[in-house]
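*Asks:* For reference, the chains in residue letters:
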Amino acid sequence: MSTAAGSRQLGDRAGRTTAAAPPARRRAGGAQRRAPWLLMAPFLLLFLLTFIAPVLYAVGQSFTRVTRAGLFGQEGTTSGFAGLENYSRALSDGGFLASVGRVLLFGVVQVTVMIVVATVLALLLESASAKWPGFFRTAYFLPYGIPGVIATILWSFLYVPGISPVLGLLGAVGVDLDPLAPSTVLWSIANIVTWAYTGYNMLIIVAQLKSIPKELYEAARVDGAGPLRIATSLQLPLVRPALVLATVFSIIGTLQLFAEPQVLQSVAPAVSNDYTPNLAAYNSAFNYNDYGVASAQAVLIALAAFVLSAVFLGLTNRGRR
Amino acid sequence: MSATTTAPQQGAPQAPRQDRAPSSSEGARRRRGTTVLVTAVLAVVTAYFLLPVYWVVVAATKSTQDLFGTNGFWFSSSPQLLSNLSAVFTYDGGIFVRWLLNSLLYAGLGAVLATYFAAAAGYALAKYEFRGRGLVQALVLGGVLVPGTATALPLFLLFSQMGLANTYWGVLVPSLVSPFGVFLCQVYARATVPDSMVEAARLDGAGELRIFHVFALRALAPALVTVLLFQVVGIWNNYFLPLVMLADQQLYPVTLGLTAWRSQVDRLPEFYQLTTAGVLVSVIPLAVAMLVLQRFWRGGLTEGAVKD
Amino acid sequence: MPDTWTPARGRPATPPPPSRRQLLRAAGAGLAGLGALGATAACGTPGTAPATTRPLPAAPAGEVVRLQYWAWLKDLQQVCDVWNAKNPGVQVEAVWIPGGNSGGYQKIFSALAAGSGPDIAQIEVRTLPSYLLQNGLADLGQYGFEDVIGSYDAGLASQVRLDGKLWGVPQDSGPIGFFYRPESLDAVGAQPPATWEEWLEVARAVHANDPGHWIDSFNAGDPTTFISIATQAGATWFRPEGEEWVIDMTDDATTAVARLFDTALDEGLLNTALPPFSVGWFAAAGNGAIASLVSGSWADALIEGTTGGEGQWRVAPVPTWASDPALSSAVGSSYLGGSTAAITSTCPYPREALAFATWMTTDPEGIDAMIRYSGIGWSPASDYIGAARQEPSAFFSDQPYNTEVFQPAAQQQRTDWTWSPVTLQAINIVADAFRARLTGGYRTCLDALAAAQPQVVAAHRDKGLAVRAAS
Chain R
2 MSTAAGSRQL GDRAGRTTAA APPARRRAGG AQRRAPWLLM APFLLLFLLT
52 FIAPVLYAVG QSFTRVTRAG LFGQEGTTSG FAGLENYSRA LSDGGFLASV
102 GRVLLFGVVQ VTVMIVVATV LALLLESASA KWPGFFRTAY FLPYGIPGVI
152 ATILWSFLYV PGISPVLGLL GAVGVDLDPL APSTVLWSIA NIVTWAYTGY
202 NMLIIVAQLK SIPKELYEAA RVDGAGPLRI ATSLQLPLVR PALVLATVFS
252 IIGTLQLFAE PQVLQSVAPA VSNDYTPNLA AYNSAFNYND YGVASAQAVL
302 IALAAFVLSA VFLGLTNRGR R
Chain Z
1248 MSATTTAPQQ GAPQAPRQDR APSSSEGARR RRGTTVLVTA VLAVVTAYFL
1298 LPVYWVVVAA TKSTQDLFGT NGFWFSSSPQ LLSNLSAVFT YDGGIFVRWL
1348 LNSLLYAGLG AVLATYFAAA AGYALAKYEF RGRGLVQALV LGGVLVPGTA
1398 TALPLFLLFS QMGLANTYWG VLVPSLVSPF GVFLCQVYAR ATVPDSMVEA
1448 ARLDGAGELR IFHVFALRAL APALVTVLLF QVVGIWNNYF LPLVMLADQQ
1498 LYPVTLGLTA WRSQVDRLPE FYQLTTAGVL VSVIPLAVAM LVLQRFWRGG
1548 LTEGAVKD
Chain G
122 MPDTWTPARG RPATPPPPSR RQLLRAAGAG LAGLGALGAT AACGTPGTAP
172 ATTRPLPAAP AGEVVRLQYW AWLKDLQQVC DVWNAKNPGV QVEAVWIPGG
222 NSGGYQKIFS ALAAGSGPDI AQIEVRTLPS YLLQNGLADL GQYGFEDVIG
272 SYDAGLASQV RLDGKLWGVP QDSGPIGFFY RPESLDAVGA QPPATWEEWL
322 EVARAVHAND PGHWIDSFNA GDPTTFISIA TQAGATWFRP EGEEWVIDMT
372 DDATTAVARL FDTALDEGLL NTALPPFSVG WFAAAGNGAI ASLVSGSWAD
422 ALIEGTTGGE GQWRVAPVPT WASDPALSSA VGSSYLGGST AAITSTCPYP
472 REALAFATWM TTDPEGIDAM IRYSGIGWSP ASDYIGAARQ EPSAFFSDQP
522 YNTEVFQPAA QQQRTDWTWS PVTLQAINIV ADAFRARLTG GYRTCLDALA
572 AAQPQVVAAH RDKGLAVRAA S
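Chains as they are written, first to last, in my numbering: chain R, 2 to 322; chain Z, 1248 to 1555; chain G, 122 to 592.
Same shape as in the complex, but just chain R (with noise of 0.2 Å):
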């Protein structure tokens, strides 16, 4: 796509001439060769300073202790190399192996039970039998707009019994429900980022769900298929990429639950320090001082993330070719 060969200029401010001159062409190519560096200096720049420096200085973290003398290490701290020392302590700790366990679990359960709902949602909307589906979709995207924290915030008031209607109303009909205990709160999790993301879910397939041509509905028509043989044998399969994508991306967003869990500490005693991977990470960092094991579950949590990344997205390119 080099379009130096080809440009035929006469002394313009860049400074570019003839192509019959050598030298003049290799100044062209100048001008261009520096081009595009000169674009992504500022993204690139602010790359290595955002990203890269991090991520190798997290890396280099991982691979030291600190050895102190004295009591308090008021004789001097030493920096050294610590091996996999750090990765094996992280490994080893059972809450930190519990934390990636439920985000796990989290994931499998509460991205399956959203991309379906959001699944048939969808359906629904684009059906023939929904009135109304530009109110209704409105509304079911609405949650995305607030922020994960506030949406925290404002669930976690309707967890509280005293302030919370929904949980006045289930115990009048006699349902006592506890949705902070210890057994209950992943799931009160689980139901704010439901109640978030679904309808943005739902707009992906809804989005992709209007590209499906017209001609594909008529020849099912033709054959005689009722809604449901239409949703199950030609919506649903032609959907298959934007489902699988949401998945994916939601699952590896799961692996990175924080901020959630994080604001419902300060009411649910039952959400420890090391509840969710990102949260051990912190608390490691920040409540025990211990930055060399911090970077090392950075580090792990980021290669998981990047790794499920890749995976996934190989699979889903080569299942559609």
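Read the hints as simulated data drawn from the structure, not as lab findings.
Ideal Cβ placement from N, Cα and C applies to all residues, glycine included.
Pair ranges (Cβ atoms, derived):
#	chain 1	residue 1	chain 2	residue 2	range
1	Z	Ser1330	G	Leu559	43 to 49 Å
2	Z	Tyr1301	G	Asn222	33 to 39 Å
3	R	Gly81	Z	Asp1495	33 to 39 Å
4	G	Ser449	R	Gly169	54 to 60 Å
5	R	Gly96	Z	Asp1495	29 to 35 Å
6	Z	Ser1330	G	Pro209	31 to 37 Å
7	Z	Gln1496	G	Pro209	24 to 30 Å
8	G	Gln199	R	Gly175	46 to 52 Å
9	Z	Gly1316	G	Pro209	43 to 49 Å
10	R	Ala42	Z	Pro1326	53 to 59 Å
11	G	Glu364	Z	Leu1351	52 to 58 Å
12	G	Gln199	Z	Tyr1301	37 to 43 Å
13	Z	Ser1330	G	Ser399	28 to 34 Å
14	Z	Gly1316	G	Pro178	53 to 59 Å
A few chain Z residues that face chain R, going by a derived Cβ cut-off under 10 Å, partial list only:
#	residue
15	Leu1372
16	Thr1398
17	Asn1484
18	Val1512
Assemble chains Z and G onto chain R, guided by the hints.
*Replies:* What follows is chains Z and G alone, placed relative to chain R:
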């Protein structure tokens, strides 16, 4: 007797019609029955999605006593919305307003600049051949796939060594980087900025940077809006980074500020009122913006989905 | 990098999977980057830079010194305003942070790591060594604090002395006492127990009288009460020996305490479902299901929150170990909790900060303001308990319990207990172990402690400290 259909949007194909024997009354009853059922289901689901928003509107009008005393679904006998709102805006010297402005700064300025940088980088990757292009693309891909929360902690440690932690820069600088934006812009640039246009501009004597700013940006404009919105939402939603980076309440975005208020309800009951009214203030404009800009999401999503 | 990706539910446009060449390039870049690891790692871990050892000078005359005090006390600014009015040259601003273990310590640690942060911070006595470990504290002896330390409670003063130096200004404490409902004890014809053996007898009587009644609750999630009673019995879990820490969590004193609680738990004498001051606990204490509470003096304010509790409570000295002659180092009472106003190593005006902190904690005006506005625990000054506390209390059945119970208790404290630099972790480890004991993982509290001890030792070693187990 015809079943209702969804209005076609942006030329998308219509939903399938149920044209069986139109004159059959049984068919019509079945269709009406289905419509009623479907609508009922959708209405119940709507109640679930709108419940917290409705609740916060009601709750923001109550005093703390009434919050606990009266039914959560309806207003109290002495609504005090205005006094709650004024408390929100004047508490602690108007710190809530400061938080709102901070959020605007981080999300607004950050997203605008991030979009600009991403457009430049994406355009460069799409339209130029140069050594190292593959490496940069790989790096961008890595940036897209690695979660931001994994880099927030080491970023804080790095910035604290540089003296940038607990400053506006600590949150603003990371917000200027959007690998996903670069990726999106690269895709859009390849599709919407034709080589011929670039060639012609070069022939006319335009410099490379001028080509970008004058021609490419204009062509990329719809895509830029999508990138901008994604980045705004991302920064506005970002909690981990400011939490780790900021200790001074004056620098908080509104998400961090409201969380701080929420955590104080046990020690000072007045924080219940402050928090609910504060949440209302932050939710309403966001919700309105979301509704108005809904079509940009659909537009961006459609293009992205169809592209593949 | 901002959270544009999280939670990224369903980004539609597919980034193509990394091609092999792209992966190789990325790997190559990564390897090259590894070379830079050395440089970045050398940037250093936060908290390892040694604090300045030379004392900082006083502020130049005429300059107004502004200090920030981060604490979770309520209405602290009112206390600061009392000082501010009389000291225009030193103005103190109170900034509220969540309670230490609820996020406050995280804020202070991360602010210190960033090199900014408060001038004065509320740090509990048990967490002070952790801050010293991170070089977060200023050496107060350099600023004349040695001359003032004598006016503080001996027990508290001993706990702010680490490695021979003084690192924080004692702010409040909590000598423990026995809060009880006379009605519940009268129902079984019992007197407030004088020793722990008698306490066990009373517990049996209360529970036998009504299986829905308990003498107290056992909160596995918060072992600090257990540790407090072990301190009273003479235990020293964390003993500094030269440059080494010696961890001993299963000595005779701790064993005696563990045996006491094991007996009570095995016989079902303690409620394990209601942690003190939880919503359920208030209800149970209000209707007599919980007969008493061993807690710090600051619990009086919380007990006053029980509905209908007016006139239903009294305070007695905490049971002692006098009946167990083997415990030779046992003392009459112990502390539960206690905070310091610590002057941080990042404070540019430690002299001025120390002057304020000393006023707040030894001057009667300061102490009265703290009690009145912030509701602090027991006064740290050895000679003044606060005007408000010298009167009998209507809630506690007109008993002048402060002068009667807590003032003597404050005089009967250990002066050789040290907290560890990894106290927070140690407490969490013990809490996990106690929780397992309740659910059957360990048969006795002693087993739980024996299992926790190697983990506590490991926690020290992971911090790079020299440590060994006592046995």
